[in-house]
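A.B. asks: Construct the entire structure; sequences and hints are all you get.
Number of protein chains: 2
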Amino acid sequence: MYKAPVSDMTFALEALQHVAPQLMETMPDQEMRDVILNEAAKLAGDVLAPLNHQADKAGGAQHFEDGSVKTPEGFAAAYQQLSDGGWTSMEGSETYGGQALSLALSSCVNEMWQASNMAFSLCHLLTQGLISALQHSASEAQKNLFLPPMIEGRWTGTMNLTEPQAGTDLAAIKTKAVKQGDHYLISGQKIYITYGEHDMAENIIHLVLARTPDAPAGHKGISVFIVPKFLVNEDGSLGEQNDVTCVSIEKKLGIKGSPTAVLQYGDKGGAIGYLVGEENQGLAIMFGMMNHARFNVGLQGLAMCDRALQQAISYAVTRVQGTPLGTDAGSPIIHHPDVTRLIGQMKAESEAMRALMLYGAALLDKAEEGDAAIQQRADFMIPIIKGWLTEQSLIMTSHNVQIHGGMGFIEETGAAQHYRDARILPIYEGTTAIQSNDLVFRKTLRDDGAEITSLLAEIRADIAHISADNAILADLATELEVACQATEGAVAFLLSQQNQPRIAAAAGVPYLMMLGTLTGGWMLLRQGTYAVSALAKPDADTAFLENKLASLSLFTALSLPQVAAFAKTISKAGTAIHHLSLDQLTA
Amino acid sequence: MYKAPVSDMTFALEALQHVAPQLMETMPDQEMRDVILNEAAKLAGDVLAPLNHQADKAGGAQHFEDGSVKTPEGFAAAYQQLSDGGWTSMEGSETYGGQALSLALSSCVNEMWQASNMAFSLCHLLTQGLISALQHSASEAQKNLFLPPMIEGRWTGTMNLTEPQAGTDLAAIKTKAVKQGDHYLISGQKIYITYGEHDMAENIIHLVLARTPDAPAGHKGISVFIVPKFLVNEDGSLGEQNDVTCVSIEKKLGIKGSPTAVLQYGDKGGAIGYLVGEENQGLAIMFGMMNHARFNVGLQGLAMCDRALQQAISYAVTRVQGTPLGTDAGSPIIHHPDVTRLIGQMKAESEAMRALMLYGAALLDKAEEGDAAIQQRADFMIPIIKGWLTEQSLIMTSHNVQIHGGMGFIEETGAAQHYRDARILPIYEGTTAIQSNDLVFRKTLRDDGAEITSLLAEIRADIAHISADNAILADLATELEVACQATEGAVAFLLSQQNQPRIAAAAGVPYLMMLGTLTGGWMLLRQGTYAVSALAKPDADTAFLENKLASLSLFTALSLPQVAAFAKTISKAGTAIHHLSLDQLTA
Chain A
389 MYKAPVSDMT FALEALQHVA PQLMETMPDQ EMRDVILNEA AKLAGDVLAP
439 LNHQADKAGG AQHFEDGSVK TPEGFAAAYQ QLSDGGWTSM EGSETYGGQA
489 LSLALSSCVN EMWQASNMAF SLCHLLTQGL ISALQHSASE AQKNLFLPPM
539 IEGRWTGTMN LTEPQAGTDL AAIKTKAVKQ GDHYLISGQK IYITYGEHDM
589 AENIIHLVLA RTPDAPAGHK GISVFIVPKF LVNEDGSLGE QNDVTCVSIE
639 KKLGIKGSPT AVLQYGDKGG AIGYLVGEEN QGLAIMFGMM NHARFNVGLQ
689 GLAMCDRALQ QAISYAVTRV QGTPLGTDAG SPIIHHPDVT RLIGQMKAES
739 EAMRALMLYG AALLDKAEEG DAAIQQRADF MIPIIKGWLT EQSLIMTSHN
789 VQIHGGMGFI EETGAAQHYR DARILPIYEG TTAIQSNDLV FRKTLRDDGA
839 EITSLLAEIR ADIAHISADN AILADLATEL EVACQATEGA VAFLLSQQNQ
889 PRIAAAAGVP YLMMLGTLTG GWMLLRQGTY AVSALAKPDA DTAFLENKLA
939 SLSLFTALSL PQVAAFAKTI SKAGTAIHHL SLDQLTA
Chain B
389 MYKAPVSDMT FALEALQHVA PQLMETMPDQ EMRDVILNEA AKLAGDVLAP
439 LNHQADKAGG AQHFEDGSVK TPEGFAAAYQ QLSDGGWTSM EGSETYGGQA
489 LSLALSSCVN EMWQASNMAF SLCHLLTQGL ISALQHSASE AQKNLFLPPM
539 IEGRWTGTMN LTEPQAGTDL AAIKTKAVKQ GDHYLISGQK IYITYGEHDM
589 AENIIHLVLA RTPDAPAGHK GISVFIVPKF LVNEDGSLGE QNDVTCVSIE
639 KKLGIKGSPT AVLQYGDKGG AIGYLVGEEN QGLAIMFGMM NHARFNVGLQ
689 GLAMCDRALQ QAISYAVTRV QGTPLGTDAG SPIIHHPDVT RLIGQMKAES
739 EAMRALMLYG AALLDKAEEG DAAIQQRADF MIPIIKGWLT EQSLIMTSHN
789 VQIHGGMGFI EETGAAQHYR DARILPIYEG TTAIQSNDLV FRKTLRDDGA
839 EITSLLAEIR ADIAHISADN AILADLATEL EVACQATEGA VAFLLSQQNQ
889 PRIAAAAGVP YLMMLGTLTG GWMLLRQGTY AVSALAKPDA DTAFLENKLA
939 SLSLFTALSL PQVAAFAKTI SKAGTAIHHL SLDQLTA
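Sequence order for the protein chains is A and B. One gets the numbering used here by counting positions in the first sequence from 1 and adding 388 to each. One gets the numbering used here by counting positions in the second sequence from 1 and adding 388 to each.
Read the hints as simulated data drawn from the structure, not as lab findings. It is possible that part of the hints are untrue.
The list makes no distinction among identical chains, and a pair is therefore deemed to hold if it is satisfied within one copy or across any two copies.
Using 27 Å as the maximum straight-line C-alpha spacing, the simulated DSS-like pairs for lysine-lysine come out as follows [stated by the list, open to error]: (1) 639 / 458; (2) 567 / 445; (3) 639 / 445; (4) 458 / 445; (5) 391 / 445; (6) 639 / 562; (7) 656 / 564; (8) 608 / 531; (9) 531 / 639.
C.D. replies: Right under this line is the structure:
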């Protein structure tokens, strides 16, 4: 069961509008927002969520025969409903039939899709990535031919980056593209292609990274191609099958409902592909959409947390086991202080994550207008949103298993599925280490700490406005200031290591996690400020708003103390790994 | 592949002998120790480890038909080898054919079994628990009849505690036992019975908690019974099948090689059972073996960490992906600073865990002699060893998945299996919350902090002996003193909450994790002291010993800073959960 947290989303959007109205100018009006959220909530709860666990139990999309994948029961019909309801066109440009919703709003809808059924909703997520890439970089003819059917939901899209020897390191890509007239012939093998083959749509458009024969070595010699599964005639009708075959489907730890394909290109001479942009501009084109792609994976981390939280609550309010301290016999386990602590932490973290996600979305929306300062802040926040939200999803889905006790270890419950599903999130679309490298080197050291310094100043300006009237808010402000000081020290240390990149890199993930915790706390401080002002209104939903303040208290107690610990780790990690002899370890 | 860490175990045993010789008096001599460790290492590496992943891949022990379980290929033959080699008799009393090895040594062997194949080795672990319970509490006739075949390895044993409504709360047990002449008739359902049914031995002896008709309600009315699968004649030969049936096998997240049975007793009138001890003494008898049982699960946590560490190293030294900073092209990923950090942390944590495990084993060995102070320290350490080692195993097996990148998410690699397998450890044999309740209420508040105060004094005495000569050791000592201060503050806070049990309980798991980290660091300090003295010897293995010191540095940087964070959480968690309205949450 999944109930989209519409009130929480609305609260988070309004809080953000309250504190940063300049970022939220592209939001539709309140009435439109409510219609969209409520309609999406129905589809997510009634259609997508019920398919999630049964797809996993049935072995997922691993029914593979003769190059064809049979997706789990109900998936194809659900994709049709997504299309019929206009949801596949939510993000696309209006020029090609899309609705071009602001990211802050479409992200709430995407949170619902991902929380209700992540394996299913990956198809939409990937297709949107492809649409976005083509909108930015394809020729007008390519856009006109390929975009409308994808936006309409008749075709889907994939990203073909990884090869067995080229995962994190795309420079090692070997797939070949040989020019032949107005197209290229593509040959090679791509792995980990999500929805690389399936039966939910009429056609699949692959976006493939490959190398032309005379391309420079490494990063600079990669081009990107559109390679349709079925060739497309000029009138948009489908022609014959292209020279691309699904040769196998991976047996995965999680997201089993989604087929992860190994695709073989060019076994019959070469798959027909169409160059996007110019030759050797492939990585630049892919990097242009990286912020959105990474943002979306961070959003999946949030989605998994909220789903796990909902499941934890619904189990803990019905399961009776022992008498919780200070309650009457027969009270459910949610009243055991440790269960309350775990659920409270999941609630507080989810809310911090959602606020941070929406802040990122609003920054990306605003950055579209060409504001360099906003773009810089967005660039800074993206690795944090991707890294921190996904790492937290491992802990929060684990809490849900723990609350279930022995039942959590039995697959029937479904708690284990969320735990398994989430495990891919800190890996794909750039591991947490990759995010942290980006954050340390390109986003912190390159500008000599200018952006992080401005961020800290902004946090402190918010802290300075907190009055002592509300004890919870004041306590968070106090601890946030402690965290700012620790962060300042850690940043100073990193800046002192400009010439010691290995030391800076060893501190990278702790730095990312520190900033996730710090900015998560900052977002809750802002939400708390808004909650206090909302409480003063005559028709306030007092219980709801006071529980928003409770999240601040929980985050202050359970999460924020880690900032100082991370700061200490940052200053010591590089020296520590230097002491370790890898030779002895592997002797 | 698994290579038992014999050198690491030997180092850890010798370090403990060096700093606490009085605890290690029951250790066999060095020659015998080496023979045992090396022979066990062969069996673990050559026989048990190769069966581990293939059993999981083949769906584990989930081949269930007509009440019978077919264990994975090779398991029955491997159990025979365990028996033939005398390993099933390692722990048992000499009176019944056992070898009565000291726990400090047998635990090293058990670490090898659990690391090489946890699903398989659970059978041995459970059987040892049963042997230990019967040795302590059964009649002489019962011991003579049931112990020798189990010690010999012809029969195995199970623990039957849990029922659907009685997991953590054993007071809710409903299974009935009605006296009939010299035995009882048992009826009811037991769930989560590890190796409750299998094909690896001639007979299975179930130890079953049940309630006689006129027993008092709750904890005080539970008795414990021996219920053999096949009845046993007076001469030890097997009679007819008892009235107990395996009705299903659970589909689990991990340890799939081990059958987890639902057992139905008494469908044909009642299974014949024999009372152990007196009526209504069941929980007292089970609690008498609880320290050992919980210790063994902590040991499994360590075993999973070491297995994950070995796999992470072997992958990271072969996989090439990008050029690690400051190295030449073609260097494997282990040289990436973040991969080094993860592997370094796994190494340091595993060594801290192993040292803590052996310290616990030595305490339990020595406590057998009736030393009250040692018994009190053992009682204090057991929930920490169970809770901290198992919680850490989740993080360390997750690190291994992360190091594998996308490959870690594919089941073929085996990294995902360790991640799944470990997830049961913080749940069974008392969840981490249960361990923390024990630690807070029975072990800390009940004696007004006497034991934790004496422990802190002992740690500080060790810190006081550290000279500034070795920088790594001195840095750990400095940070350990900071951690002691934070711990002192947290303990003072808990003691101030004697009348606020909900506040104390909410702080329980952070308190347990804090003490795990603190005492883990203490153990490494002791090992460091020993390593420094060993380095001064002419034939010292310098590279090995210096890498032991590197573990100190890694732990100081990556783990110890958390102590202060936990301390702050302890002081704030209770108030924070008090702010949360569960009613609003579930409205």
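A.B. asks: The structure should be examined with respect to each hint, and the outcome stated for every one.
C.D. replies: Hints, verified against the model:
1. 639 / 458: both (14 Å within a copy, 24 Å between copies)
2. 567 / 445: Neither, since 45 Å and 44 Å both go past 27 Å.
3. 639 / 445: Classified as both: same-chain Cα gap 13 Å, cross-chain 10 Å, threshold 27 Å.
4. 458 / 445: For residue 458 and residue 445, both the intra-copy (15 Å) and inter-copy (22 Å) Cα distances are at most 27 Å.
5. 391 / 445: Intra 21 Å, inter 35 Å, cutoff 27 Å: intra-copy only.
6. 639 / 562: within (25 Å within a copy, 42 Å between copies)
7. 656 / 564: So residue 656 and residue 564 pass the 27 Å test inside one copy only (14 Å; across, 71 Å).
8. 608 / 531: within (25 Å within a copy, 75 Å between copies)
9. 531 / 639: neither (35 Å within a copy, 48 Å between copies)
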